Amino acid sequence: MNIVVSMKQTFDTEATITLSNGKINSAGVELVVNPYDEFALEEALKLKEAAGEGEVVLVSVGGEGVAKALRTGLATGADRAVLIDDPALADADEWAVAVALAKAIEQIEYDVILAGRMAIDDGSSQVAVRLADALGLPSVTSVLKLDVDGKKATATKEIDGGTEDIEVALPAVFTAQKGLNEPRLPSMAGIMKSKKKEIKSVTLAELGFSADDLLPKTNIQEFSLPSPRAGGHIVDGEPADAAKELARLLREEAKVI
Amino acid sequence: MSGTTYVYNLRDLKFILKEWLDMGKLLSLPPYAEYYDADDIDFIVDNTFKVCRDKVAVVNDDADKIGVKFEDGKVVSPESFRDAFKAVNEAGLGAGNADREVEAHLPYTIVQSNYEMLCAASLAFTGYWGLTTGAISVIQNYASEELKEKFLPNMCAGEWGGTMNLTESGAGSDVGANVTKAFPTDEPGIYKIKGNKIFITGGDHDLCSNFIHLVLARIEGALPGTAGLSLFIVPKIWVDDDGGLGEPNDVVTTGIEEKMGLHGQPTCSLSYGENDGCRGYLIGAPPDENGKASGIRQMFLMMNEERLMIGIQGLAVTGAAYLHSLAYAKERVQGRKFTDPKGERVRIIEHEDIRRMLMMQKSCSEAIRALVLKSCYYYDLSHDSEDPEEKAFAEGMFQISNPLCKAYSTDMAWLLISDAIQVFGGYGFTAEYPVEQLARDCKVLSIWEGTNYIQAQDLVGRKFTMQKGKVLTDWMEDIGGFIKSHKDKEGYGREFEVLSGAFGDMNYILEEVSAYGEGDRKEMTPLFATRILHAAAMLYCGRLIIDQALLAGEKLIELGEDHFDAAYYKGKIASARFYILNIVPQVGAIRRVIGLGDASAIDIAEESFA
Chain A
1 MNIVVSMKQT
11 FDTEATITLS
21 NGKINSAGVE
31 LVVNPYDEFA
41 LEEALKLKEA
51 AGEGEVVLVS
61 VGGEGVAKAL
71 RTGLATGADR
81 AVLIDDPALA
91 DADEWAVAVA
101 LAKAIEQIEY
111 DVILAGRMAI
121 DDGSSQVAVR
131 LADALGLPSV
141 TSVLKLDVDG
151 KKATATKEID
161 GGTEDIEVAL
171 PAVFTAQKGL
181 NEPRLPSMAG
191 IMKSKKKEIK
201 SVTLAELGFS
211 ADDLLPKTNI
221 QEFSLPSPRA
231 GGHIVDGEPA
241 DAAKELARLL
251 REEAKVI
Chain B
1001 MSGTTYVYNL
1011 RDLKFILKEW
1021 LDMGKLLSLP
1031 PYAEYYDADD
1041 IDFIVDNTFK
1051 VCRDKVAVVN
1061 DDADKIGVKF
1071 EDGKVVSPES
1081 FRDAFKAVNE
1091 AGLGAGNADR
1101 EVEAHLPYTI
1111 VQSNYEMLCA
1121 ASLAFTGYWG
1131 LTTGAISVIQ
1141 NYASEELKEK
1151 FLPNMCAGEW
1161 GGTMNLTESG
1171 AGSDVGANVT
1181 KAFPTDEPGI
1191 YKIKGNKIFI
1201 TGGDHDLCSN
1211 FIHLVLARIE
1221 GALPGTAGLS
1231 LFIVPKIWVD
1241 DDGGLGEPND
1251 VVTTGIEEKM
1261 GLHGQPTCSL
1271 SYGENDGCRG
1281 YLIGAPPDEN
1291 GKASGIRQMF
1301 LMMNEERLMI
1311 GIQGLAVTGA
1321 AYLHSLAYAK
1331 ERVQGRKFTD
1341 PKGERVRIIE
1351 HEDIRRMLMM
1361 QKSCSEAIRA
1371 LVLKSCYYYD
1381 LSHDSEDPEE
1391 KAFAEGMFQI
1401 SNPLCKAYST
1411 DMAWLLISDA
1421 IQVFGGYGFT
1431 AEYPVEQLAR
1441 DCKVLSIWEG
1451 TNYIQAQDLV
1461 GRKFTMQKGK
1471 VLTDWMEDIG
1481 GFIKSHKDKE
1491 GYGREFEVLS
1501 GAFGDMNYIL
1511 EEVSAYGEGD
1521 RKEMTPLFAT
1531 RILHAAAMLY
1541 CGRLIIDQAL
1551 LAGEKLIELG
1561 EDHFDAAYYK
1571 GKIASARFYI
1581 LNIVPQVGAI
1591 RRVIGLGDAS
1601 AIDIAEESFA
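Listed in order, the protein sequences are those of chains A and B.
In this text, residue positions in the first sequence follow my numbering: the first is 1, and each later residue adds one.
In this text, residue positions in the second sequence follow my numbering: the first is 1001, and each later residue adds one.
Please keep in mind that the hints were generated in silico from the structure rather than gathered at the bench.
Any given hint could turn out to be false.
[As the list claims (entries may be wrong)] Listed next, the in silico DSS-like pairs over lysine-lysine satisfying Cα-Cα at most 30 Å (straight line):
# : chain 1 : residue 1 : chain 2 : residue 2
1 : A       : 68        : B       : 1570
2 : B       : 1470      : B       : 1391
3 : B       : 1050      : A       : 195
4 : B       : 1074      : B       : 1181
5 : A       : 197       : B       : 1018
These numbers were taken from a predicted model, which means no experiment stands behind them.
Take the sequences, apply the hints, and build the full model.
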């Protein structure tokens, strides 16, 4: 069983986001593996362990810093990693990332592709499904349970108000939702072993792209921080009167009902 | 709010490991060079932080609120401990780190850095493998190959626990009063053991399938006192030749203590050989023809490492209390500024006395972190350096620092956590906030593994005179030389003036100690020993933290005031300044007290204590 895991490095969930010159300021911010990608990696490792053979390959886009996230994945148990490292992707959008990843993954043998259901930084949930599209594969998102049997898989996915079981032919792309598993942590021995595992760095040219092939199709006009939360309003009075007043406020002031 | 909120100062640890100590040099030494380099430090400590935050800190509430129980003769730990214990062992953060022979082991400095993070997550929980590490060291250093093979693999894997058994009801600090006996059997090296031990940390519980007790006992005919004690490996369940578990070895847990703190850590009373069926393996040779045995020397290898670990425990809880009180002070709004009594209400971090208490905690915990990790670094060099001169120097520096680490860190823990509680005000006294638990949990640290007075005796009686005073001379020269070569550093004139004064005060104290030792009031030395230890610790901590501040100053110039990390470096300089100008002058006060030479505590009649 060969599994590819698409991995992204993101800000630590507890990092304070600030803006500098209209961009997100990353100076001094702790960077981590996207938490949903940890679920994806754990599932990949479990699938490989259950199969008793195969390899888990990590793929990512980014610079030298991203290699740290990949090494965390290697220390956790992945076998090798491919990093698409090209300055032309510095402002890449989800489409460009997905297309670049697809090209790199085409060169890897795989039965299953796993990714987090979204990245916690931009939260767009696009890369994995675009990746499936680029590779011409089926995809199942927000997976809570995954059973692989030969050339097909049964995935339980989260839907509004419940779950849905989907049977899909392999290879396919699955995105991991929280609850799929309990990710393991790297061990000291794993950290040491990871130093000897390969992180292969490739450029867009090496993937067969020319400079203009992956120019972003989206244009970010502005970043802004959420407005500070306004103070709360306690509605006094008898419950019945207070409820009426609350309904009025919601309708007339908040305009939400 | 609860103990499950994990707080730890990873930035200060990284400053020490990546900027202050020359870890590149240490990691280039033969045991490590093939496996690690300085770039791995981030990776290792970040991962440990995560294990602590996600797997260990989450059991700290259970450790305190549920605690460990003694039911039907069995020690039962909280249910949540199982996953956490498994996670610690799987992450490679458990007892296996004591194995200094295994390929690719980590240097002690990194092992103990990880240990500080673990203790900050749940001090009580770390007791489930803390003593196993010491037991592994003793077995690895002194036991036969056969015994090593029999016991170490399962101990290193966390399957079996290890303990140290010194204390008996009549033999606490007075270890030589041990009455546990050992009788030879027909099998060479195997003795029957009979006696009772108390206060055995991790002596029994349900996370391990067997316990390998290291027991001090006296073989018939051996000398009285510590000189006649031998050390035995006594498994709770006998280990068969094939490595499997055999019959119970007549080791019975008779109870656990109800304690002020560390509720989650079992402190056991153990009975050995109640039915004449307890056997143990003698470590090393039996007593010589004069009845002199080697058990206490063997046990002291374990004890020395444990003492350094206790210093780290003290640091860990102090650091946690500081960060909790800091977070609270930034949020809690009370009163108005002293300089603006009619202004808006402010957060308490804006009050002068709160800042004093926060700085006290910050500067002392950073100074103590410098002390204990520098000591670990020397410990590593004393093992691994290829330069015999450096190795010997490092050994001496470790020896003299060890009692300082143990006693100063843990004495200060109690005082500094008291400040943390004070910052919280009335809420700090409630169980709703985590600092009261830290206070309860930390108190034993100044007592166990040799009380802090025993540390003071060790410093003044043994370490000051070690190698005919060479160790002390090296240590004083290290401090004096440092002051001399940096005293003209621009911007630090007052700090070096105070440090230089304290150095002179320490010289005076040492002369007084020597005079007391040679005079007719020898009891004055033990009377002042604790204060001498504190003076030595404050002087040395001052030397170390200003060294850090000088480095921080250079970094600040290099990176500029607008760099995101500038606040950390400025904070480091402020810590050093506060420590030297507010704490180190106490060395002078101790000198004055010793100079006054008041003996009223000795001379007062016992009945007048009423």
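Verification of the hints:
At most 30 Å may separate the alpha-carbon atoms for a hinted pair to count; residue 68(A) and residue 1570(B) meet this at roughly 28 Å. Among the hinted pairs, residue 1470(B) with residue 1391(B) is consistent with the structure: their alpha-carbon atoms are about 14 Å apart, no more than 30 Å. Proposed proximity of residue 1050(B) and residue 195(A) is supported: the alpha carbons are some 20 Å apart, at most 30 Å. With a CA separation close to 25 Å, the supplied pair residue 1074(B) and residue 1181(B) stays within the 30 Å bound.
For the suggested pair residue 197(A) and residue 1018(B), the alpha carbons sit about 24 Å apart, so the restraint of at most 30 Å is met.
The structure is consistent with each of the numbered hints, conforming to all of them.
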